[in-house]
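Asker: Residue strings, one per chain:
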Amino acid sequence: MAITEAPAKMFGQAIKRREDPRLITGKGNYLDDIRLIGTLHAAVLRSPYAHARIKSINTDAAKALPGVVAVITGDEIAKEQNPLPCAWAAGGVTNNVNTPRALAVDTVRFTGDGVAMVVAESAYLAYDALDLIEVDYEPLDVIVDAEAATQEGAPQLHENAPNNVVMRWTCGAEEATAQAIDGAEVVVKQRILNQRLLPTPMETRGYVSRYEPATGEYTIWMSSQAPHVHRLLLSAFVLGIPEHKMRCIAPDVGGGFGAKIFLYPEMAATLYAAKLTGQPVKWVESRRENYLATTHGRDHITDLEIAGTRDGKIMALRIHTYANLGAYLSTIAPGIPTTLYGRMVAGVYKIPNVFVEVKGVYSNTGMVDAYRGAGRPEATYVVERAVDLLATELGMDPAEIRRRNFIQPEDFPYDTGIGMLPYDSGNYEPALDKALEMVGYQEFRKKQAEARKQGRLLGIGVCSYVEVCGVAPSKWIGLAGEGWGAGLWESANVKVHLTGKVVVTSGSLPHGQGHETTFAQIVADELGVPYEDVLVEHSDTQGTPFGYGTYGSRSAAVGGTAIFKSTAKIKEKARRLAAHMLEAAEEDIEFTDGKAFVRGAPDSAKTIQEIALQASVAYDLPQGMEPFLDETTYYDPPNCTFPFGTHICTVEIDPETGKVTVLRYIAVDDVGKVINPLIVDGQLHGGIAQGLAQALYEGAVYDENGQLLTGSLMDYAIPKADMVPHYELARTETPSPVNPLGVKGAGEAGTIASGATVSSAVIDALAHLGIRHLDMPYTAERVWRAINERNGGKHVS
Amino acid sequence: MYPNDFEYVAPTTIEEAVQLLHTNEDAKVLAGGHSLLPLMKTRLASPPMLVDIGHIPELRQISVNGGISIGAMATYHEVAQSAELKQRCPILADAIHHIGDAQVRNRGTLGGALAHADPAADMTAIILALGGAITAQGPNGTREIAIDDFFVDMLQTGLEPDEILTAITIPASTGRTGMAYEKFKHPASGYAIVGVATVVHLDGAGAISDCRIAVTGAGPKPQRATLAENMLAGQQPSKENIAAAAEQTSAGLELLSDISASEEFRAHLVRVHARRAIERAVASAG
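These protein sequences, in sequence, are chains A and B. Quick note, the first sequence lines up with residues 1 to 797 if you use my numbering. Quick note, the second sequence lines up with residues 1 to 286 if you use my numbering.
If you're looking for bench data, these hints aren't it; they were derived computationally from the structure. In this text, all values refer to a predicted model and were calculated from it rather than measured experimentally. Yeah, the Cβ is synthetic: ideal placement off N, Cα and C, and Gly gets one too. Just to be clear, a hint being listed does not mean it is correct.
Below, a sample of chain A positions facing chain B; criterion: calculated Cβ distance under 7 angstroms [unchecked claim]:
1. A123
2. Y127
3. T657
4. V701
5. D715
6. Y716
Required output: the full structure, derived from the provided sequences and hints.
Answerer: Put into structure tokens, the structure is as follows:
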């Protein structure tokens, strides 16, 4: 057949997401849309105390309510189930792992800890019955602050964790760093807080559990970022059953931001209830419960010291951090402030001496685990704040000090010396230059000086960041030192069916990222088939190969590469079959743009569709060839990837009220090769909004009794459309050498950079008043007070 | 998210609605439902009966003759869209612009907001500044309650349990009138941490003949800044005397303190927003 022009490549095209028509017209299939015949509805009674002994629970009246099928308590489930496992005991956590059970036994340790579960014929009845359960609590002393929790005499949460310390973990060179600081020309110290955040996915958590008595099999529909891992942990670790007796299905997932990576008590409790009642049991979280009982993020208290020369060369960075991990260890909690934070604090700079000490701490608060960025926003905030402080101390321009200390292009792969894998590739200066040019840096500085004369407060903030994505080589992450104890590979199967349609089954799955679109773009190019002919299936442990889940901006780099490699295997088999069909030698066959032909004779081509048909009907295959184009890859990456960039924003502060307005926000990111620019832009928009919101609006507040004061969307300020600026995005492109796609990852970059960027701008706006540091969030009152203190109670104007 | 059981009734006349409230002690009136239903869903309120007054046609009427009468069930959207109200009383649309989003403005009602008396609601300050009155109907007939007597305390008004707020009346303004609302909103809820509504009347010589300044959000109920009002009365408005009066707007106010804002910051915001509102009101007086 005649060779027509090669089809346009899909890789790099800003096509609209194929998921969106169904999702934005209300035709998605979310957890609460799962309606099985005979479903019972569960509600959880939660502790009103942050710390108390449970003396007794009387469920008689609740059980007697017509329509109530079961009322379950922790003692009862504990006879059949183990506590939830901690799957990443990083940082040397060994003998003091304390994880939640399906329902609390004897003691509750945070407000919202589950105490009993009602299972009833309707959700209304289940909630009515909660009001009838009588619990006799003996309140205990409460501690919510991580540093205070480690002091002598603080209330103790767990017997095996003296002074509430989960672990003390270090990285870097303690002695050398101490010497460098002691002998440095300039040293700046500062205590900074990285406040606790509530992840707030639009769809809260929810589970539907079903048990088949005939086979002993469980099925659980779950709003989840990691159904395969949840199957493994729930079956083998919690229930003690073989994993093939459990199937986990994630339907459409309305966001997770990390919080749906983890195993939760309600998964285990609904599985128990399904077996007990013999009926499907559905539990859907309310927003109030989401804020109390779903994991939180950040919550660090950090003392930083940065040392440098007078001409602005950074010589040392020393970090001491208290990481509040909450009442129990969530699934991968210890790994966040250690591997993903401590080992990333050097940022984009060549710092000869770095030392990090992290104390993980139990407290009477909700569990803290990965939240968009997971450790890297905290690391970026620390190092960028430190560099700004040093610049201020030296009277040096913040952009200039960054430039002087950047790791240089020829230094890659670059080892920071604090136990992170070597940064794969980078070229930091062009991103900084581009951002400075876009904002008109020098002109803004002039405008700022003018404005200050009129009593106006303008500020500009710069943040150059690097982060770690595409986690991770199994050998590295699984080593005893990092404590993960498992791999982090991904897998994918690609089949070309008889009709030429391609079905990809992926271990990686979306919770909003658009995998169905981007993965299809990769496959369409590699196999030379129309994009519309590629279907991507995912999210069901029955029918998809194992995957570790979607987090750490890893799906394109790891899952995408698994797909890419499967298509390469398909192409190789297609080439061999084409040789047979064309009666030519295999080595003479070339496969390009979906066609196999004898090199130099493209008119002879067999299309991938023709080859697939032949492979499928299979009556004329070469000797020894198996039918069907069907290939699977288990891909273990050789390294992580390290996206980077520079963000700059400008702000104006109302000197009368302290209200901060972001004027412009510029983001120049390098996420490696870009599969779909529209999706990458969307990820950056959302990511920037989340970090910006940490800087300006968000912050979970517990009172001294452990009551969450920001327990609803009326109190906890997630940003609305009118609270975020227009974003000006640009990119540089430094392909990752780690994977054949050259991709790095874009899911978290926005959040990792934007908190530090906005923080930098706000403090810059106040710098001439002598303000060196302020903790986030920059609420109007906090800023107003800072201004007032510096002005002896007088307004700037 | 799941309220207790309750009975729902939808009368079509005011008399019927009043009778239902009179005979069912803990029954609550359902207007737009944007405050009541969330309370019920979180079980902070569990009324056994809801009397939905949304099916009583006369409660939706807006009439602008000498004075203004707005039916209790007129939605924010309807009030903001009324060309006559926009012309005669632009502060209504000005303030409604700050309330919620399009869905909220399509459901929420002016009467519901006043009867609920949320301490951070916007419309309470607006009607207080306009010097309006409330028409209430109960088993014994209809009465007028001056807006100055209407707000009793946090979430408490002068309405009896078996009375329905049927209309809001606003007196006709004479001469040159200016009005403005300045709000510092809560970043989460969008409600007022502080809102200041100001209505000024200027005489023929341009002096302030009358001025009403009402503050919401700052305290348990909407309050008037009478000291500042008195300072401005009779004055030729200037940057200086407006600033001086604004400095006194927080004096004597009952103030709240919580995680959103301290008492001190609320008082400061009252002063700043009062100055901005008075300046804008004066500038807008035709």
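Asker: Answer holds if the nearest beta-carbon of chain B is closer than 7 angstroms to that of Y127(A); otherwise answer violated.
Answerer: holds, 4 angstroms
Asker: Holds or violated: the hint that Y716(A) contacts chain B, with Cβ atoms closer than 7 angstroms.
Answerer: Nearest chain B Cβ about 6 angstroms off; hint holds.
Asker: Regarding the hint that A123(A) lies at the interface with chain B, is the smallest CB-CB distance below 7 angstroms?
Answerer: holds, 5 angstroms
Asker: D715(A) was flagged as interface toward chain B. Is the shortest Cβ-Cβ separation under 7 angstroms?
Answerer: This interface hint holds because 5 angstroms falls under the 7 angstroms limit.
Asker: Grab the minimum C-beta distance from V701(A) to chain B and call the hint holds if it beats 7 angstroms, violated otherwise.
Answerer: Holds - the Cβ of V701(A) comes within 7 angstroms of chain B, reaching about 6 angstroms at its closest.
Asker: Should the hint that T657(A) touches chain B count as held when the rule is a Cβ pair under 7 angstroms?
Answerer: This interface hint holds because 6 angstroms falls under the 7 angstroms limit.
Of the numbered hints given earlier, the model fails none.
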